[in-house]
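K.L.:
Below, each chain spelled out in residue letters.
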Amino acid sequence: MLLSSLVAQASPLSEQQVNQLQGLVSQLNPIQQAWVSGYLAASAQLAGQVAGQAAPAVAQASASLTILFGSQTGNARHVAEALAKQAQGKGLVAKVVDMADYKTTQLKNEQYLVIVTSTYGEGEPPENAIGLHNFLFSKKAPKLAGLKYAVLGLGDTSYEFFCKTAQDFDQRLAELGATSVLARSDLDVDYQAQADSWSNELVAKLEPELTAAAGPSAQVIAWPRVDSPGSDATAGAVSQYNKQQPFAAELYTNQKITGRDSTKDVRHIEISLAGSGLTYQPGDALGVYFLNDPALVRELLLLTAIARDTPVTLGSDSLTVEQALTEQLELTQSYPAFVEKYAAATNNAALAALAADKTALRAYINERQIIDIVRDHPGLLSAQQLVDALRKQQPRLYSIASAQAEVEDEVHLTVGVVRYDAYGQPHLGGASGFLAERLNEGDNVKVFIEQNNNFRLPASDDTPVIMIGPGTGIAPFRAFLQQRDANGASGKNWLFFGNPHFTQDFLYQLELQSYLKRGLLTKLDVAFSRDQAAKVYVQDKLRQHGSEVWQWLEQGAHLYICGDANRMAKDVQQALLDIVQQYGAKSAEQAQAYLDELRVAKRYQKDVY
Amino acid sequence: MSQYPINPDLVAPGALSDNERLKAESQHLRGSIEADLKDEITGGFNGDNFMLIRFHGMYQQDDRDIRAERTAQKLEPLHNVMLRARMPGGIITPQQWLAIDKFAGDNTMYGSIRLTTRQTFQFHGVLKPHIKPMHQFLHSIGIDSIATAGDVNRNVLCTSNPVESELHQQAYQWAAKISEHLLPKTRAYAEIWLDEEKVETTEVEPILGDNYLPRKFKTAVVIPPHNDIDVHANDLTFVAVAEKGQLVGFNVLVGGGLAMTFGDNATYPRMADDLGYVTLEHTLKVAEHVVTVQRDYGNRSNRKNAKTKYTIDRIGLDAFRAEVEARTGVAFAPVVPYSFTSRGDRIGWVEGIDGKHHLTLFIENGRVLDFPGKPLKTGLAKIAAVHQGDLRMTANQNLIIAGVPTTQKAEIEALARSHGLIDDGHSEQRKNSMACVSFPTCPLAMAEAERYLPELVTKVEALLGKHNVADEHIVLRVTGCPNGCGRAMLAEVGLVGRGPGKYNLYLGGNREGTRIPRLLLDNVGEADILATLDGLIGRWALERNSSSEGFGDFVIRAGVIAPVVVPKDDFHS
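Chains as they are written, first to last, in numbering that gives the first Met the number 0: chain A, 0 to 608; chain B, 0 to 572.
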């Protein structure tokens, strides 16, 4: 293609811009390329300037709305995009930017800023929000007296630090002198309806101010995200299926991939996307809707003495209570609102007292599914009361374990089945139980693609990658390896994997052995924690090879972590800091700065949960 | 290669087999075993090391019952090793027994001690991280596994005969001396497993040769008239000759061996030949040079024709004897007449000429494990904890509690009875039946053997009962493949595995183990086997010429099957 021969000297672009453009275009199909060329031409015309300088100029010149999202699972991104669409529908100029891509130097130029962010772990910002969060709380943060802003928080009330990151941004922007145009809203897991109304309210407030400054043709331009080649545009162009309209996909394969004596039940799941037009890239996740266990539904109805065919309404839908519980509502994850509403509906004073003590309530629901709460406190309530106490089921996201370059219209997952005994009863996870136990091969499962542009292979096939993926965290790395294999990529690949036992829990062992033999995997280091007296984890293996890890980083390697957020990701991060400090001869602060730079440069990416 | 002139006419032609290459490149059995021990990606050994660990007494195996299941799980086979200890004559102290009892329980997948047909014990299912600690543990209690497998002289057997205690002691000492004398001289075992210092040496293997032997080599010492060690299963046997209860010399037998390959008529089980008599002082020299002659003239291009028995059939017994005599400078005297009259172990108590008591325990299939209602392993550990003599593993997979003083007899017997180690309900038939290990651990197994034997014996017992000979027995052996660990090729009724549930049925060996049986039915299932035995046992019960005529002798005399006389010529005819 012509672009491949484009050099910086022959164009108004910098060398870096040329590289970025080439990287972007190489991933676009002809339809996408045509769309991009039209888009760029239109935006250049609008700004009256040459292409390439157009984008920032538009934002500054015409009082546009910048919508930043901090997202772990894609929810905040979806809300941000819907908001932008709504604003654009009113003729406003609005752009959506991934916080990870946002240039903090731009902040002082903003006039209208919206932040939509989730929170994860113990009140920490999601991975792509860390940079902006750090910047705002640092001494470098500018005064923002002229800025008008609004913050929307997405969270889960079953966590102690509910919507903490949204609160942080809100409070900090105010401290820096910015003016809130609409009160922050902190939304729970079933956020959709409230997010819509908050967005409506916001657009209504901003419309008069922004319209005055906007150019006449602004509304024809939908602003894409800066670095999302083939993302929304691709999905939109070729598939009608998404989170709201999931695709009923056929389950091809459900294969246990832990040994018969394993303490873990991990399944390799293969699903057909044939006919859906859905496409994905390594790093993306698959959203899965599931049906609750009929036995669980039956028991719940029995305990509450509700007839299974009692009609109820759910939003605008009328259906039986059994259908609602099976298909629509969340039964396997508990949340504070349920306890409160259930206690009220059943006139249970003890439960109501518990619900009033937030700390005790969190501890109580943490260990229990809905059924456990009802078993503890059986009571009588109407079918409609029960349905109203429950929240809507959220699809579960699984990191995709395959690359389409290898599996074509299939999508593979690595699913850890949640299964445990508690309170004298067996328990099974909602989605994992559905996929592993209740769905037969040949049955359909509703799915959609959730892209994750913050977990991507390097643009260059020559760049080395270090992948740290213990447990089911190996999933996206199987996709990475398949992709690099298909590309014939020459870059080195180093995988760290860990699990309890070598003989039982070495996920994809045969495939990895073959990759190692063929040289696709340059190095494979494994940590089986319980095979010896002293436990060994991936972070120990990293430290053991610290010198070489440092060498790889200095050679430009990209670092990826996938898996458990609570402990593993933190322990691994500490190991990385120690390695950078020791082998890079740096102070603790310098080591932190080094990793921060890697993250900003998208060379340190996490997919943790 | 050899320090002796080689007659090129007697060397088997052909390109060297790949095993010869790997031995030559192994740096005296080191290979890259140490690197493999550090390889955390596989539980197995790579490339040549898979074969080389055998010379260190281990076989790589996997749980074959779940091999397909694990492939579907994208997991490699459940690789582990089986370790075979070197225990010349099968004698083990109670302290050693207690130690291996604990190790087996703590560190093996199956938790068992296996007593083998080669008079030693095996650990089955040792995972890679436990291998090196296992060797260090064994070393700490005075046991090793050097050269119990591979192309070397393996564990040396010796008749378990505690009754003639003095003669047995002398014979046993020769078994131990021969074992030591023929060991590899390489320090590979000490370096790899015991972390002993790597010394710069120009190692040579004066006896085995730098390429080791062409094939495995088995040696035994036997005290007639008891043929418990099955002389005809060995490359080299020293038959004890005693005068007034004192050992004075040996008749030397060469060229026995039972292995064959299905479909290859150039392979066959073969009885040993008499080489002649030598006095004690020449014993080691003769052992050494039977080995060096086999080393220099054994077939190194075709491993299926590489054992001593084929060398002798190819170059002739006289040429073989002449070569041994030339190398030793010892002329063989004519064989001192000997004969064998029995083979099985004498289960129960016997009193030795020294007044000590010996209790032979029947261990079905040699599996020492706690079974429901029969805690054999616990029982033996309890006996070992109080026993003052020693323990002797027999070549029939049984165990002798040897050297019990009269005062302790009752205590030992009570322990044995309360743990199912003495079971008066065991028939003669069961005590005279034997099987190799086979599934699920042996990679060569084609059909079940050990796991199948107990129910097969029960069915044969029923046939004996039906024909009113319930107290009689037939030497019955099942082996999972034609390699022959279960010594079915010296049984009156031998079953050799062909495929799942399918066996070749051989008839016509004798009770003493001096005749090889012949194929009667090819690749048949249990129904055919039992129907055939039903008819023949019925005839035997009615038509035998005396109550002492064994089943194997009867089927020959009755013309049911022709005897094997010269296996090379008539085994396959």
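It is worth saying that the hints were derived from the structure and are not from the lab. Certain hints may be false.
Claimed, not checked - Taking lysine-lysine and the DSS-like style, the derived pairs with C-alpha atoms no more than 27 Å apart in a straight line are:
{"no.": "1", "chain 1": "A", "residue 1": "491", "chain 2": "B", "residue 2": "73"}
{"no.": "2", "chain 1": "B", "residue 1": "243", "chain 2": "B", "residue 2": "197"}
{"no.": "3", "chain 1": "B", "residue 1": "376", "chain 2": "B", "residue 2": "303"}
{"no.": "4", "chain 1": "B", "residue 1": "373", "chain 2": "A", "residue 2": "263"}
{"no.": "5", "chain 1": "A", "residue 1": "522", "chain 2": "B", "residue 2": "131"}
{"no.": "6", "chain 1": "A", "residue 1": "534", "chain 2": "B", "residue 2": "458"}
{"no.": "7", "chain 1": "A", "residue 1": "534", "chain 2": "B", "residue 2": "376"}
{"no.": "8", "chain 1": "A", "residue 1": "107", "chain 2": "A", "residue 2": "263"}
{"no.": "9", "chain 1": "B", "residue 1": "37", "chain 2": "A", "residue 2": "263"}
{"no.": "10", "chain 1": "A", "residue 1": "534", "chain 2": "B", "residue 2": "101"}
What the hints assert, rightly or not - Derived list of chain A stretches under chain B, where covered just means 3 residues or more per stretch with a C-beta under 8 Å from a C-beta of chain B:
{"no.": "11", "stretch": "422 to 436"}
{"no.": "12", "stretch": "504 to 515"}
Backbone N, C-alpha and C fix where the C-beta goes; we use that ideal spot for every residue, glycine too.
K.L.:
Hints first: check each against the structure and report whether it holds.
P.N.:
Results for each hint:
1. A:491 x B:73: 24 Å, holds
2. B:243 x B:197: 49 Å, violated
3. B:376 x B:303: 38 Å, violated
4. B:373 x A:263: Violated - the C-alpha atoms of residue 263 of chain A and residue 373 of chain B are around 33 Å apart, more than 27 Å.
5. A:522 x B:131: Between residue 522 of chain A and residue 131 of chain B the Cα gap is close to 25 Å, so the pair holds against 27 Å.
6. A:534 x B:458: Status violated; Cα separation ~51 Å.
7. A:534 x B:376: 32 Å, violated
8. A:107 x A:263: Violated, because 51 Å separates the two Cα atoms, which is more than 27 Å.
9. B:37 x A:263: Cα-Cα ~26 Å, so holds.
10. A:534 x B:101: It holds: about 24 Å lies between the C-alpha atoms, which stays within 27 Å.
11. 422 to 436: Violated: only 0 residues of the stretch 422 to 436 of chain A have a Cβ under 8 Å from chain B.
12. 504 to 515: holds (count 9)
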